[in-house]
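Peer 1: Please arrange chain P on chain B, whose structure you already have, making use of the hints.
If you read the protein sequences in the order shown, they are chains B and P. First residue of the first sequence: 1, per the working numbering; consecutive thereafter. First residue of the second sequence: 1, per the working numbering; consecutive thereafter.
Any given hint could turn out to be false.
[What the hints assert, rightly or not] Reference excerpt, derived from the structure (chain B facing chain P, CB under 8 Å, subset only): (1) H326; (2) I327; (3) D331; (4) P443; (5) I479; (6) S495; (7) R496; (8) D513; (9) R514; (10) Q517; (11) L519; (12) P522; (13) A570; (14) L625; (15) R626.
The set of hints was computed from the structure by calculation and includes no laboratory data. Even for Gly, the Cβ is constructed at its ideal location relative to N, Cα and C.
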Amino acid sequence: MRYTLTILCIIVCQSFVFSQDCSNILLGEVIDFHDKEPLADAIIQVRGNKKQVYSDEFGKFTLKNLCNGIIELEISHPECSTRFVTVEIYGNTHKKITLEHHLEELNEVKVTGSTIKETNSAQEKTIKTEELERFGSNNLGDALKQINGVSSLNTGSNIVKPIIQGLGGSRVLILNNGTRMQDMEWGAEHAPNIDINAANKVTVVKGAAALKYGGDAIGGIILLDQNRIPKKDTIYGKTLINGVSNGRGGNISTELTKAYENGFYIKGQASYKKLGDAEAPNYILSNTGVSQFGASIDFGKLGFESGWSTHYSYFDTNIGILSASHIGNVDDLITAINSDEPSKISDFTYNIKEPRQHVKHHLGKLKYYKRFEGLGKLNLQYDIQQNHRFEYDIRVGDDKGKASLDLKLTTQTLAADINIDAFEKQKFSFGILGRYQENFPNPETGVRRLIPDYEKVDFGVFATTEYKFSDATTLDAGIRYDYSKIDAQKFYITSRWEERGYDEDYSDIVVSDRGTQLLVNPKFNYHNFSASAGLKHRFSNENQFRFNYSLAQRAPNPAELFSDGLHHSAARIELGDLRIKSETSHRISASLGKNSYTWGYEIEPYLNLIKDFILIEPTGIEFSLRGAFPVWEYRQTNASLLGVDASIFNNWTNNWRTDHKFSIVKGKDKTKNEALINIPSARLQNQITFTKQEWNNFNISLQSEYVFKQNEYIDNIMVYSPQQDQEVELDINTPPSAYHLLKLDSEIKLNLKNSKALTVGLGITNLLNTEYRDYLNRQRYFTDDLGRSFTLRLKLNY
Amino acid sequence: MIKRNTILKNIKKVSLIAFSSIALISCSDDDDAPEEQNEEEVITTVIVKLTPQGGGTAVTLTSKDDDGADGPNAPVISVESLAANTTYNGTITLLNETESPAEDITLEVEEEDDEHQFFYTVSGSISGTDYTDMDEDGNPVGITFTLSTGDAGNATLGVTLRHEPKKPNDGSLADAGGSTDVDQTFSLEVE
Chain B
1 MRYTLTILCI IVCQSFVFSQ DCSNILLGEV IDFHDKEPLA DAIIQVRGNK
51 KQVYSDEFGK FTLKNLCNGI IELEISHPEC STRFVTVEIY GNTHKKITLE
101 HHLEELNEVK VTGSTIKETN SAQEKTIKTE ELERFGSNNL GDALKQINGV
151 SSLNTGSNIV KPIIQGLGGS RVLILNNGTR MQDMEWGAEH APNIDINAAN
201 KVTVVKGAAA LKYGGDAIGG IILLDQNRIP KKDTIYGKTL INGVSNGRGG
251 NISTELTKAY ENGFYIKGQA SYKKLGDAEA PNYILSNTGV SQFGASIDFG
301 KLGFESGWST HYSYFDTNIG ILSASHIGNV DDLITAINSD EPSKISDFTY
351 NIKEPRQHVK HHLGKLKYYK RFEGLGKLNL QYDIQQNHRF EYDIRVGDDK
401 GKASLDLKLT TQTLAADINI DAFEKQKFSF GILGRYQENF PNPETGVRRL
451 IPDYEKVDFG VFATTEYKFS DATTLDAGIR YDYSKIDAQK FYITSRWEER
501 GYDEDYSDIV VSDRGTQLLV NPKFNYHNFS ASAGLKHRFS NENQFRFNYS
551 LAQRAPNPAE LFSDGLHHSA ARIELGDLRI KSETSHRISA SLGKNSYTWG
601 YEIEPYLNLI KDFILIEPTG IEFSLRGAFP VWEYRQTNAS LLGVDASIFN
651 NWTNNWRTDH KFSIVKGKDK TKNEALINIP SARLQNQITF TKQEWNNFNI
701 SLQSEYVFKQ NEYIDNIMVY SPQQDQEVEL DINTPPSAYH LLKLDSEIKL
751 NLKNSKALTV GLGITNLLNT EYRDYLNRQR YFTDDLGRSF TLRLKLNY
Chain P
1 MIKRNTILKN IKKVSLIAFS SIALISCSDD DDAPEEQNEE EVITTVIVKL
51 TPQGGGTAVT LTSKDDDGAD GPNAPVISVE SLAANTTYNG TITLLNETES
101 PAEDITLEVE EEDDEHQFFY TVSGSISGTD YTDMDEDGNP VGITFTLSTG
151 DAGNATLGVT LRHEPKKPND GSLADAGGST DVDQTFSLEV E
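The shape of chain B in the complex, shown without the other chains:
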């Protein structure tokens, strides 16, 4: 790239009239004034003549055949204001030129060599619009699996919780347009309430390095963003339609943006998805349909000095849970594990019956920013969210059709931060945040509350800085403090209260004794500190090295503290512990990579040492009139996660490209010296892609994914089976076998009149209709995973 530009420059320079001693060379570098990132594609024009060159992807440019003396350069860049610079040429000269990269709020993102990163030194990856659009009929978690090191914890195919380097749930923060999602992420079968069609870009930051967003991201952060809106009179939009064979349905999604020269804009988006029962290779997965609706509206006015924006989104999903996974007791579970097929297989239907989940999520946001000259930019944000979750079980009599769980979680956040970017070599960022959350479990359900009534207050402050040590090396550091207070009111069954030993440790929080139940008022405070430091170094040969250390602390979530009974949808007794304290993670990571036109690679090793790691695992059984139930208890231990994500790609010719990715993580319970439960298997992905621009931007790719068997797992437990009248091994921890899946994807893009475009794509997942089960699918006891599926995509840009 660089050489082509130099050659281009030489050609441009040929048109010059040379004078006698004029053989000097000016080596220039164009960088962003604020973050010191190199600016590619800046136009450098020598005043007074036609000499013009472009900066390469490292921001560098060369002007040859210059005479001694003073020249004036005009430097312009699509995202910056134009600048005039005088340079004194005396022999071969070097000059660094900074540009104000301020128009970022106003312009559409140009596809340049370097995308703007969230962090300086952490491992991070972005999925762009085109790639996201291929997953329009899937879930966020499915799309994220394209990123090396990201896997998922599934409950069937419609509940997909992302896992980053072995950690998920409350250890992964999801930022939806700058708002931290508060959607009961504590539940293993609670998927993020996000419409993937509303996002234009998704970035994953592995680990807790992005302190600005929270100090408890022990696993990582997922950021969903929208494309920037141009400051010009324009109207544009797109509509996507997906038809999916497995589930016999699909989705439609559409968005429209109107922008004005004065910075005002309005954008609307909506999507609807409907799928019936999914199919495994040999049978129908009864009651696995889904219907989902999402809509959002954005408007605001973005100016150079200041601006404001308003966002509102609504998400509504109704998900069927596999009929066969509704089991009564441990004997039913043993029967299910031992049988090859689910116990209930009915004819295909679009109807969603109990057991099912229905979740509604509202999110509203107001944002204001102002730029102070010579200082930086101030952001103020207020957001409010309400997550309303219903879980319906199979019930009888008067309670038929009534929800078994009805939780309403309301969260309000006010945050302010300032980015100081006025200094040449150093950037600072300070922020402060306050949050108030209220959980209301509706007593109308007639089922004891799994998560109690509570109020929670959070307060956080952070400071981060980046220092440009040299042209090639940037250092970063940050600290953060978070305070949180939870004030809950909960009923405990007296016998459980005593069995847990709370009568000795927590007798002072009992409010009243109602006979068989106790009302208690736990109030807990947590003080958490987090910090991050790292460096990024660019080598001259296009290699880049990053190193990061992060300290993160996470307070226990309500499920970890308060669970105390039978979780109907999982047919297991889940027991939290009031004594659980914050967990602390020390994580070091490095990445070495190269990203050139012809080839690239990235090696990302990491070690995450977590003190007081909170986990849930099966410990035994308890008896009741319904028979015996497996008991899953939360406990704390010292854990380590050691892993590596490695990838390499090569452009063999202009048309052929291959991609290879491998990720592995080893989880260890250091206290008990055994494996950790639910650690994702090692995964190897190979992909070959053929692209031919001339054939209407045709591309086709074949992806092979090999998932190894997890061979590090905890022992199964022995339980008494009333039906067999003996102790039997409950095979709930043995991972399923390794599997291999093939995926084919093909696309063409037809450019129509008036800059409209139609994209047609065809995808086939599980091409060979392979029967498989995944270790991290909670329904693996009951059924095979999804069989082959064809997806036809149509996209119209206008």
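Peer 2: Relative to chain B, chain P alone:
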């Protein structure tokens, strides 16, 4: 110097805005106690009543779990002895004793008898059971049944209530499927 002053001034301005906005978050403190919740449709008690067909004193087998499925305590089982070589008329009753008066869950089973079935598994000196009731489709339900004993010795009687079993089925739990609402085993003596 001038630049530095502007910076300081701006920092002051900014922090003022930031802090005052945080102060706006005020927390309403409503500490009203949530209302007590008793599990509905919970079964706390299973009673099997066996009356000798030729007349005589009825025998009662009970299993009682006061803290329900959420509580840690196992059910408390009490049994009486059966007479050898006798046929009994049996009835089963399910109660929710967390409510007062106790709620009879058997009535709900009866109402939806096509979606329910009791299964009796026997061993030892109990020779067998037979259904004596039917749902609207002519399939057994098992709220009433007969039980016959053999010679004296030890015996077990297992009681299982399945919701949404396959109906009709071959009488085995494996064939019936469905989800289990009650699963208790009584160990007793036949004298």
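Peer 1: Would you list, in rising numerical order, the hints stated earlier that this structure does not obey?
Peer 2: As far as the earlier hints go, 5, 8, 12 and 13 are violated by this structure, in ascending order.
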